[in-house]
Amino acid sequence: MSQTNQVRWTTADLELLPDNGDRYEIVDRELFVTHAPHWKHQKTADKICAELNVWSCESNLGEAVTSAGIIFTDADNVIPDVVWISK
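Under my numbering, the sequence shown has 45 at position 45, and the numbering climbs by one with no breaks.
The set of hints was computed from the structure by calculation and includes no laboratory data. Some hints here could point you the wrong way.
[Said to hold, decoys possible] Pairwise CB distance ranges, derived in the manner of DEER restraints:
no. : residue 1 : residue 2 : range
1   : Pro37     : Leu17     : 17 to 27 Å
2   : Ile70     : His41     : 15 to 25 Å
3   : Ile70     : Gly21     : 27 to 37 Å
4   : Phe72     : Leu17     : 16 to 26 Å
5   : Cys57     : Asn20     : 33 to 43 Å
6   : Lys43     : Asp74     : 30 to 40 Å
7   : Pro80     : Val54     : 17 to 27 Å
8   : His41     : Trp84     : 10 to 20 Å
9   : Lys47     : Gln6      : 34 to 44 Å
10  : Ala50     : Thr10     : 28 to 38 Å
Keep in mind it's a predicted model, so treat the numbers as computed, not measured. Heads up, the beta-carbon is just placed ideally off N, CA and C, and yes, glycines get one too.
Build out the structure end to end from the sequences listed, making use of the hints.
Here it is, written out as structure tokens:
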């Protein structure tokens, strides 16, 4: 398929997709669909986030959160497992 015939997804398109437990992410206007993380995966992400937050409280440099949706541009909308944000 040529580049001109491909569907180019945007953040607005995500609102039209079903809320069925799948994760929808857009990277460079391409749609990626994955299942929600497994229990063990999510527990690991939570432990990483907790350790980052302990360090962040001690250093006062930022904070961490899990599964935060991030919109970089209209063509890039992702849900990383752990996000650390500096102050």
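Tested hints:
1. Pro37 / Leu17: 17 to 27 Å: 18 Å, holds
2. Ile70 / His41: 15 to 25 Å: At roughly 19 Å between Cβ atoms, histidine 41 and isoleucine 70 fall inside 15 to 25 Å, so the hint holds.
3. Ile70 / Gly21: 27 to 37 Å: 20 Å, violated
4. Phe72 / Leu17: 16 to 26 Å: 19 Å, holds
5. Cys57 / Asn20: 33 to 43 Å: 37 Å, holds
6. Lys43 / Asp74: 30 to 40 Å: 33 Å, holds
7. Pro80 / Val54: 17 to 27 Å: 20 Å, holds
8. His41 / Trp84: 10 to 20 Å: At roughly 18 Å between Cβ atoms, tryptophan 84 and histidine 41 fall inside 10 to 20 Å, so the hint holds.
9. Lys47 / Gln6: 34 to 44 Å: Between lysine 47 and glutamine 6, where Cβ atoms are some 39 Å apart, the hint holds.
10. Ala50 / Thr10: 28 to 38 Å: At roughly 34 Å between Cβ atoms, threonine 10 and alanine 50 fall inside 28 to 38 Å, so the hint holds.
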